[in-house]
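If you want the building blocks of each chain, they are given just below.
There are 2 protein chains.
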Amino acid sequence: MEKLIDELRNIVGMENLLTQREDMITYSYDAAVLDPVVPAAAVMPENSQELGQIVSLCSRTRTPLTVRGAGTNLSGGTIPSGESGIVVLTGKMNRILEINEADMYAVVQPGVVTAALAAEVEKRGLFYPPDPGSQAVSTIGGNVAENAGGLRGLKYGVTKDYVMGISFFDAMGEHVKSGSRTVKCATGYNLSGLMVGSEGTLGVMDEIILKLIPLPRARKSMVAVYGSIEKASETVAAIIANKIVPATLEILDNFTIRAVEAYSRAGLPVDAGALLLIEVDGHPGQVEDEGTEVEALCRKLGAESIKVATDDSERDKIWAARRSALSALAKLKPTLVLEDATVPRSKIPDMVRELQKIAAKYKIDIGTFGHAGDGNLHPTILTDKRNKEEWHRVESAIEEIFDTALALGGTLSGEHGTGLAKAPFLEKETGMSSIIFSRRLRKAMDPHGILNPGKITGDV
Amino acid sequence: MEKLIDELRNIVGMENLLTQREDMITYSYDAAVLDPVVPAAAVMPENSQELGQIVSLCSRTRTPLTVRGAGTNLSGGTIPSGESGIVVLTGKMNRILEINEADMYAVVQPGVVTAALAAEVEKRGLFYPPDPGSQAVSTIGGNVAENAGGLRGLKYGVTKDYVMGISFFDAMGEHVKSGSRTVKCATGYNLSGLMVGSEGTLGVMDEIILKLIPLPRARKSMVAVYGSIEKASETVAAIIANKIVPATLEILDNFTIRAVEAYSRAGLPVDAGALLLIEVDGHPGQVEDEGTEVEALCRKLGAESIKVATDDSERDKIWAARRSALSALAKLKPTLVLEDATVPRSKIPDMVRELQKIAAKYKIDIGTFGHAGDGNLHPTILTDKRNKEEWHRVESAIEEIFDTALALGGTLSGEHGTGLAKAPFLEKETGMSSIIFSRRLRKAMDPHGILNPGKITGDV
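Going line by line, the protein sequences match chains A and B.
Residue numbers for the first sequence follow this note's numbering, beginning at 23 and rising by one.
Residue numbers for the second sequence follow this note's numbering, beginning at 23 and rising by one.
Hints are computed from structural coordinates only; laboratory data are not their basis.
Careful, some of the hints might be misleading.
The list treats identical chains as interchangeable, and a pair is accepted whether it falls inside one copy or across any two copies.
[Said to hold, decoys possible] Subject to a maximum C-alpha distance of 16 Å in a straight line, what follows is the list of computed EDC-like cross-link-like pairs (lysine to aspartate or glutamate): (1) K233 / D183; (2) K145 / E37; (3) K329 / E315; (4) K114 / E144; (5) K383 / E421.
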């Protein structure tokens with residue numbers, strides 16, 4: 023181990039190597055509710071060359087390696103694999119290498135913060151739509167590794183839909199290029215597509231080419247207040263059924279509304295059964311028409327009041343309230359389990375009903391909010407993991423949430439990945455053949471199991 | 023071999039097994055300019071169960087298997103692998119299994135014809151945008167296997183962007199599921215993404231889930247006539263630089279215009295240096311604005327005249343002319359080589375200039391047309407392969423076209439795949455590490471090399 027540390031120091035220098043106990047504890051966990059695992063060291067490469075040398079060293083010495091961006095992931099994808107493993111931090115590989123306005127793409131290093139890229143391209147009239155909840159700190163590398171989603175998924179898709187190319191070091195330390203700076207590319211396998219969502223298990227990325235689109239010329243945000251969450255969720259299904267695809271279409275239940283209000287004093291109606299937070303965007307004429315149609319649908323389906331943001335500051339207040347939901351809920355109890363089960367959007371009313379039943383059955387608090395427009399709810403369980411009896415009920419509830427989502431034609435994870443947290447449940451969704459196929463693939467690409475072991479498929 | 027034929031007959035029945043010499047010749051080639059290879063038999067499974075049995079049989083007997091939709095692919099992806107190999111025809115697995123309007127997706131078998139699906143969803147106010155040139159006969163299975171593009175790539179993306187899930191039989195005959203009916207899915211590896219563009223080398227698909235979007239409410243088509251192709255191609259770059267992304271933005275050079283006019287008598291201006299065929303779509307207000315802006319840009323950059331289609335029949339005439347380009351050029355000489363080299367869109371003027379130089383240098387006829395708006399030109403070489411001396415010049419010209427595209431930051435293939443035709447050139451673009459990685463992946467997923475051998479990576 024000492025020899026490994028020496029070699030790492032030789033590659034990145036003293037100032038970019040961390041081995042102190044307190045640092046190791048910092049990198050022993052992420053946003054998932056899982057037991058921490060302390061690594062041997064953490065390194066901060068400053069460029070592709072150093073990164074490649076680190077991967078080669080790990081390959082040669084069979085050292086398990088977990089890459090970490092901001093550690094915001096919710097499925098344990100960045101939990102190290104044990105005391106013999108190291109963590110590679112991408113924080114110093116945070117340069118935007120190119121923003122090409124004429125061809126509408128960006129080339130970035132993995133450590134670029136999502137919101138920083140979004141702001142940079144927006145200055146040029148361009149748009150990078152994926153906006154995961156953690157965008158203020160999350161990194162593009164982490165977003166790609168987890169195939170992060172966000173509020174705009176229903177209209178604009180997820181990270182996967184913006185990845186044009188990725189270059190990465192494979193488990194042997196070889197530098198592999200895939201994809202292109204062109205809109206169309208059908209050369210070789212779609213290795214970039216395979217890398218998206220692979221949670222650091224197939225390679226270590228050093229450059230990512232991202233598609234950009236023109237910034238929408240107009241947008242309109244509104245909040246619709248409902249007496250019951252059933253009516254709100256029926257409105258969600260009705261909007262899509264009317265072939266309107268808003269940029270965002272979010273729901274907050276009463277539990278979440280009260281938590282947010284207590285946390286942020288945003289002026290939310292604490293007696294409301296549910297809120298819909300909606301934004302339409304695009305050409306000004308489209309925004310006008312869609313805004314009017316959405317408002318009419320909300321009223322028709324029972325909204326008690328609708329408030330349309332009249333300027334940017336009112337708009338920002340709406341979305342700040344939504345974005346504070348997770349932090350607000352986290353204040354209430356020691357342990358927060360943020361689930362991610364997703365259903366076809368027309369099944370949102372059914373899913374909401376089932377979640378209420380599950381909360382009652384297991385006598386637990388579930389705050390439900392999330393991306394109703396793309397079927398991606400975040401039922402959030404508030405508990406205290408130290409209370410073993412309650413935690414047992416929580417575990418049963420989680421499994422029942424998974425089963426319910428699958429029974430409704432949905433998926434275990436819309437945007438939070440599989441990681442360690444959902445690996446044991448994967449078979450429920452995909453069947454065993456898919457897992458065997460995936461393990462075979464992984465074993466071939468990483469025969470010594472050094473790349474983020476245990477994630478997605480469990481141990482290979 | 024007789025035993026194999028007997029077993030195939032047991033699976034699909036006499037009426038779905040072809041072994042006659044004349045049938046075998048039919049399935050010995052595709053739209054690529056490559057030597058035909060005659061297979062041992064062709065089978066037409068009628069359902070997933072039969073398809074799975076065929077793959078299992080091939081797995082057990084180590085029989086090479088090439089899946090064929092309409093055989094329109096241009097890189098040799100459907101050329102059988104020799105007399106010991108069989109061809110699996112998807113023509114009888116052509117059912118649309120589900121069109122879900124509320125959740126905007128379709129589930130189809132691989133043999134569904136692209137245009138048939140597009141028409142079916144359009145009746146419901148929905149839109150399946152990918153429109154490869156061969157859409158009237160090409161199949162969704164073939165489109166997915168080749169990651170087919172089309173005219174709408176610049177605004178709407180390619181086949182890859184619409185695949186939500188794929189189920190397939192792997193090389194062992196196991197049935198693997200990936201993806202979901204939900205807009206977001208981050209469960210397990212993105213195996214659907216890997217399957218797209220894998221040209222039948224990683225599995226045999228039996229069901230594909232496709233994303234649909236609302237049909238644009240309005241559209242406007244126009245033809246801009248230019249004295250020179252340089253001015254036309256500069257207009258392409260200027261439109262995108264002005265952050266307008268038309269639904270289609272096609273170019274035809276003088277050579278192609280004359281060929282199309284001779285073939286179809288569409289009334290094209292045969293003296294024009296080049297034509298741009300443009301369609302904008304979306305909200306009526308957006309169409310109005312973008313139409314006006316595009317028209318102004320065309321004039322500013324030297325268009326001699328612009329004709330806007332005033333009704334659907336005029337619109338259809340424009341696109342019928344464009345779609346006849348390949349057939350029209352094919353009439354001129356015995357051999358047609360349709361290239362697919364693609365560059366970042368801002369490099370279209372450079373690429374056009376280089377293509378003219380290459381045509382002059384090698385004294386060959388190159389008709390250039392294609393999807394200028396996404397950088398995906400189709401320089402089309404007209405020749406006679408039996409003329410060995412000329413064919414040699416053609417081969418040199420093709421290699422120079424590839425080198426030019428790569429030097430301009432482009433790719434060997436925008437939408438026609440790698441197949442057999444481009445496999446020898448792959449290293450030029452991706453480097454050897456990427457090929458080694460891909461071969462390793464392939465070997466693991468298909469250890470006996472039965473799935474469409476030789477394509478993409480060459481022999482493993």
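**Message:** I want to check one pair: K145 and E37. Are their C-alpha atoms no more than 16 Å apart within a copy, between two copies, both, or neither?
**Reply:** For K145 and E37, neither the intra-copy (34 Å) nor the inter-copy (63 Å) Cα distance is at most 16 Å.
**Message:** Regarding K383 and E421, is the shortest C-alpha distance of 16 Å or less found within a copy, between copies, in both, or in neither?
**Reply:** For K383 and E421, the Cα distance is within 16 Å only inside one copy (13 Å; across copies 68 Å).
**Asked** Is it within, between, both or neither when you check K329 against E315 at 16 Å Cα-Cα?
**Response** within (14 Å within a copy, 35 Å between copies)
**Asked** Which holds for K233 with D183 at a C-alpha limit of 16 Å: within a copy, between copies, both or neither?
**Response** Answer is both: 8 Å inside a copy and 12 Å across each meet the 16 Å cutoff.
**Prompt:** Is it within a copy, between copies, both, or neither that the alpha carbon of K114 lies no farther than 16 Å from that of E144?
**Reply:** neither (23 Å within a copy, 49 Å between copies)
Consistency with the previously given hints fails for numbers 2, 4, ordered from lowest to highest.
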